[in-house]
Amino acid sequence: MMYNFAIDPLLTGKVLWTPLLIVLLKVVVVFAVGLVATMLMVWFERKVIAGMQNRIGPNKAGPFGILQTLADGIKLFFKEDLIPERSDRFVFKLAPYLAFVPAFLTFAIIPLGGDFRGDNDGLVTWFGQQTRVQLADPPIGILFALAISSIAIYGIMLAGWSSGSKYPLLGSVRASAQMVSYEAALGLSVAAVVLVSGTLSTSGIVARQSSLGNWNVIVTGIVPFFIFMIAATAELNRPPFDLVEAEQELVGGFNTEYASLRFALFYLAEFMNTVTMSALIVTLFFGGPQPISVGSLTVDIPIIGNAFEGTIWLLLKVLVFLYIYVWFRATLPRFRYDQLMDLGWKVLIPASLGWFILLAAQRVGQDAGWDRYVVTIATVLILLVCYSLLALAQRTSENERKRDGVMF
Amino acid sequence: MTLLGDRQQLSYIASQAADARVNLELETEGMTLNIGPQHPATHGTLRIIARLDGEQVVWVDPSCGYMHRGYEKLTEVRTYPQVTALVNRIDWLGSFANEVPFILAAEKLMGIEAPLRAQHIRTILFELSRIANVSLFLGDLGVQLGAITPVFMAFRDREYVLNLIEGATGGRFHPNFDRIGGLKDDLPAGWLDETRTVMKKLRRFCDEIEDLLFGNEIFQSRTRGIGVIPRDIALQYGMSGANLRASGVDWDLRRDQSLPMAWDKVDWKVWTHPDGDSFARCWVRLQEVRESTRIVEQLVDTIPAGPVMTKVPRIIKVPEGEAWVCTENPLGEMGYYVVSQGDLGPFRVKIRSASFNNMSITPWLLKGVYVPDIVTILASLYFILGDIDR
Amino acid sequence: MGLFVFVCAAAMVLVGAVGVVTRNNPVHAALSLVLTLFGIAVLFVANNAHFLAAVQVIVYAGAIVVLFLFVIMLLGVDQAEDLSLEPLTVQRPLALVVSIGVTGVIIAAVLKSQDALFARGTGIDSATLQDADANIRQLSRSIFTDYVFAFEVTSVLLLIAVVGTVVMSRRQHGQHVEESV
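Residue numbers (our numbering), protein chains in the order written: chain A, 1 to 408; chain B, 409 to 798; chain C, 799 to 979.
Calculated from the structure, these hints are not laboratory results.
Watch out, some of these pointers could steer you wrong.
Said to hold, decoys possible - Keeping only pairs whose Cα atoms sit at most 30 Å apart, straight-line, the calculated DSSO-like set for lysine-lysine is:
{"hint": "1", "chain 1": "A", "residue 1": "K402", "chain 2": "B", "residue 2": "K775"}
{"hint": "2", "chain 1": "B", "residue 1": "K608", "chain 2": "B", "residue 2": "K673"}
{"hint": "3", "chain 1": "A", "residue 1": "K346", "chain 2": "B", "residue 2": "K775"}
{"hint": "4", "chain 1": "B", "residue 1": "K677", "chain 2": "B", "residue 2": "K609"}
{"hint": "5", "chain 1": "B", "residue 1": "K608", "chain 2": "B", "residue 2": "K592"}
{"hint": "6", "chain 1": "B", "residue 1": "K673", "chain 2": "B", "residue 2": "K592"}
All of these numbers come straight from a predicted model, not from anything done at the bench.
Please build the complete structure, drawing on both the sequences and the hints.
Structure follows, in structure tokens:
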């Protein structure tokens, strides 16, 4: 029986030593890159946010304080490992790993480089073997990312519950509700991307975004990107959606009772997730490792080989989004729990669903050869009717709630 | 009605049980959450016992006294000039303003009045401490809502004001500068010019905060319509200061009573807001900082020359009698009822501090709100722990 | 290799399933359920049903069990229960009878069809295997053609359940408020 985990040409055919070694090498490299990226992300965030707040930020450990995270990590490593008496010991110990492992798993499917120009299709030749610069390229690629992000809830949820304390419990209850609600909006905006790319594989999605006009952010009409960005911020529990660890309300949120290395794992997972999510946004909407090109004009970085250039492009694009996340944190106040739910269920999900239907109708119209404008206008009209029905329903329920004097 | 009473009693018993063992006792009925005494949102050691149903507050009891220092009793074993060093620490962010009403009360009993220049300087320092206090509030407001940047801007600009206070009095936080009959010293050279520039900076800070925080959609949705205190309720609970003015009551002791201070000599406005919600309270405070900068600027321009100290005996003995003096402090009405029996120190002093009364509304106000709103409302009520527990 | 994956996944499924029934603490039971679901997802992958595996994880592990846990935490039934108490007196003997019956039926079915179990089918042709999206195409085609009626009826059923729950819980909430005011 043949196992076709990936459509990577490296893995077709018999099991040989060179491909196996290449895969192992990739695993090690991806893990190392993930760790280093997280370390730098923590430093980056602290430094940038310090700049925004008239502070200096870390500047003692290493040049520009770049080793600060390492120092913090070492400190946490040697701290006493506390387990609260009332905690559920097994789950309490398990939870950090449940948060940490998914954070790294998503990194496996992100195309980290390679040359997608012309007919290259992102393939590179290493040690005489053709392969992709990504750990795995399963045919369900992007669904894998969604699956992993839905697993990531467990770490936070169980951490809060198993601590046997009230603030973490409140944090974890919020977390589970928040992440389940935003998963839907996230999935629907990914569906729009899948619809226009016609494939679920991440490398396939990247390969179809060859020039600036082909980037999914433009092809899908920018709305799914915004929805994905907002929903991703909520998934990451970053400001303005950081209710899970709202310091002023819930002390430390779900990780209040954690100390030492277990806390470090949560901390690492959080920043790792930020890096992965930024990389995912770039992959889905901004062409991943593709260089910026308009028509036949391509911005080429001289000297560096095309295959490695992809990595640089990816890095640059990811940096933009990391900066945006830091910017959010420095700027925005936090939403309230019910406002967050309102935004998720009443705005993001209907909007992403409506936009998805619009795109799907365009697609069907294109296949059937209908007039494009007629299709668009008809869909928009139908969606408007649906939206007004929804708004009516919402208003009725609001009035009823007011009459009953209840908040839910 | 009766059911609610029972429920209140039940939740009270449950919260008492939770005192002994702060533990997880989550039932379908709800749970008791102890917010504080050590909690990031309580500015110190206020404890809020909240009975929750889901994330909604059913019943709440503020429990204060964790930082009680017994100042009223301590004043009885101090001489009059020594008391100012104590009362400095009541509202520690606007400490000079705490000294003034006590000194005024003592002066009233002695029948003396500070020279005109001293009155001007007192008013300037009073308003500077208000600016220092409320500008930190404006920054802290952001932190309570999860926006961390404004507080750093507040610290940056408050520093200028603290430098001014330090330049004039020698103390940044606790000046202990006010004396019966005047002030300890005159202003240093060049201080007035520096004050003018700092006031411009502070007005720019107010504009920044208004843009960045008050203009933010999330901020508005978190504060507008949240924690509404109607006019009559505010009056019933004895609220004062910006909390009262935000409920639409046009009441300001600086304007409404005549004290030997310089407020009546300058042109300024008392701001009120009709809404009574958290946003209104914050907005009124923002406007007050602006007005304070205007007051300071005008006083700096019109400050008269002359001595800063009248003739007082070397050993101050206050004649027998009782006096009540209150002023409009940064947090609200603050007053001292001083009873003297003709000794070196007061026989009895009753301190009326603003935060204690302002906090007393919380059981009424927090009923039915969400847990995150507890934080917003407490932040907008703006209390300082030292001002609650004296 | 195939056998190894199967044994591992089957062990996960079984350990999880046993855990669901034997753990006293509902949260632990829910976690065991997650283990089972993961095992099933691995089995799906081993049979080249990648899409089903992903959906299994997203829907069951990522949403449904999370909601289970949410309810468990919110209602505070997360303490281990005393198993010596029995709310319904007949339920344990009844459960024994039913489980013996089900085991018997399964064993009978396996014995009856053992020839078919050892017969090797043609498997999936390599063209389908090479096509990354064949899975999804096949699945959606059968859902939206042959089984479209069942599919739609199921969704309507779920919708009715949701609406019903909301209506019932809302009315209770309203009464509650009236009582307490």
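Each hint, compared with the structure:
With a CA separation close to 17 Å, the supplied pair K402/A and K775/B stays within the 30 Å bound. Restraint check: the Cα-Cα separation between K608/B and K673/B comes to about 21 Å, which is no more than 30 Å; the hinted pair holds. Of the pairs offered as hints, the one joining K346/A and K775/B holds, with about 27 Å between alpha carbons and a cut-off of 30 Å not exceeded. For the hint linking K677/B to K609/B, the alpha-carbon distance of about 20 Å falls within 30 Å, and the restraint holds.
Restraint check for K608/B and K592/B: the C-alpha separation of about 28 Å stays at or below 30 Å, so the hint holds. Our distance criterion of 30 Å between C-alpha atoms is met by K673/B and K592/B, whose separation comes to about 23 Å.
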